[in-house]
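> Note that the protein sequences, when read in sequence, are chains A and B. The opening residue of the first sequence carries number 34 in my numbering; numbering runs sequentially from there. The opening residue of the second sequence carries number 34 in my numbering; numbering runs sequentially from there.
What the hints contain is simulated information worked out from the structure, not anything from laboratory work. Computed from a predicted structure; not experimentally measured. Treat the hints loosely; a few may be bogus.
What the simulated footprint calls covered on chain B by chain A, stretch by stretch (three residues with Cβ under 8 Å from a Cβ of chain A suffice, anywhere in the stretch; the number is not a length) [what the hints assert, rightly or not]:
hint	segment
1	58-72
2	76-82
3	234-245
Example chain A residues on the side facing chain B (calculated, C-beta under 7 Å, incomplete) [as the list claims (entries may be wrong)]:
hint	residue
4	P275
5	G277
6	R280
Cβ atoms here follow ideal geometry from the backbone N, Cα and C, with glycine treated the same way.
Protein chains: 2
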Amino acid sequence: MAWKSIGIFDSGVGGLTVLREIMQALPQEDTLYFGDTARVPYGTKSPETVTRYAAEIASFLIKRDIKLLVVACNTASAVALPALKRQLSIPVVGVIEPGARRAVEVTRSGKIGVIGTAGTIRSSAYTRAIKRLNPDAVVLTRACPLFVPLAEEGWTDNQIARLTAQEYLRELKESKVDTLVLGCTHYPLLKALIADVMGPGVTLVDSAAETARTVATILAEKKLLRPPAENGNHSYYVSDIPAGFVRVGNRFLGGKLGDVFQVSLDEEEDNN
Amino acid sequence: MAWKSIGIFDSGVGGLTVLREIMQALPQEDTLYFGDTARVPYGTKSPETVTRYAAEIASFLIKRDIKLLVVACNTASAVALPALKRQLSIPVVGVIEPGARRAVEVTRSGKIGVIGTAGTIRSSAYTRAIKRLNPDAVVLTRACPLFVPLAEEGWTDNQIARLTAQEYLRELKESKVDTLVLGCTHYPLLKALIADVMGPGVTLVDSAAETARTVATILAEKKLLRPPAENGNHSYYVSDIPAGFVRVGNRFLGGKLGDVFQVSLDEEEDNN
């Protein structure tokens, strides 16, 4: 069982920031990544639609023998996690809970900001997760729709990115949050800029890094960690032509992306 | 037959700029609009996937008795039009051809710029359509991924939009194109800004307006125009929860959006 892979999925390329952290924390583990590039983005879709997509992808990965599933997509974590946990017998880790827990740990004032896609913010998933851990926390949120295309363009440090960050973050900054959760897997690419705009008094919480930490803890507790040996293998599947995923993905993984295979979930269903 | 509706579809809300032009040009006509909001955007998807989606939507609209189909989506027009024309017995109008024809008519220097989503630009559909009409034309293209979220945020006239337009349009401007095709249905919302950045020597071609003109011409030729009488009725269908479509759509239609119904194309298929 310990020799099985860690399964990770996202609506597209963003979850690679989570994979990158898992590769760093657990270099001996094999991973299977699924990017649902034919149906990206999830942020604009209904909870019902996203839950259905998540179940299809989980079924695809389970057939390929995974020992743990990481929902490396904030929208899917926000809406599909309870259903996935009911349906699957392996541990399922989302990106909301680890980020929320870390935010509650590091805040001194109890005033926490959360940024994400329109879908994640509308779902209030971070607010609920934070309030469950600390009912007295004050949570301020802001959707930042331009951050994803900025990260994908590689415009992470120009004046357009800076003005956009200033516009989106103004109210959170004026409200004097002391902690800011990056509630979208694309945002670690804009981390330096966001930190600079928020100023030195604000601690950024990177959900990707926190999620990798949670995965390591769960696998250790369940004695499912591979013995440290050589580096693991990494497989990549997408639901649409890989070209765009490969181009942007290499930016996310620092050029280390392996072969990417296109699969059709429909055919998958038909064949089984 | 003349009393049937005009069917229009897009991957989402952008095609409403085409609908708006059709409502202005042909106020007596009934229209059926389909926005594939569960699967938006098409620009990042493969030609095969987009062609399959377009066929599903065409089938949905045909069942509701349309006399002409407008593919009000540049990506779908670029990749799915030949297949739709083969499959359907009613006229099918895309947004590429009308914009290309107009560009060839208005250019004096023969140097034409085209802007659009990554998918539309990668497809080279405008370049091919323009070259078919004038093989000597020089066509310069540029993908502008941030323009769609800017239009949807309503950031059509702030400094972020201006700097983004300057960045995207710099090379086209330096290359001295005298005509610029707005090859994405969202871009008419940024028309004033784009005109300002390009300067007075450049004629903008609005594909939405040109498409409406083509629809009017075809219906007149085929004697399928409704006799001018009272204003037509307008129905709206989307494949995901309507909330986001309604909010952004009202910005596109100047607050005139009617009731929006959510439908599932899958169930549609199952029921028939």
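> Against this structure, judge whether each hint is valid.
Tested hints:
| no. | hint | verdict |
| --- | --- | --- |
| 1 | 58-72 | holds (count 3) |
| 2 | 76-82 | holds (count 4) |
| 3 | 234-245 | violated (count 0) |
| 4 | P275 | 10 Å, violated |
| 5 | G277 | 6 Å, holds |
| 6 | R280 | 10 Å, violated |
In summary, the structure is inconsistent with hints 3, 4, 6 from the numbered list given earlier, while agreeing with the others.
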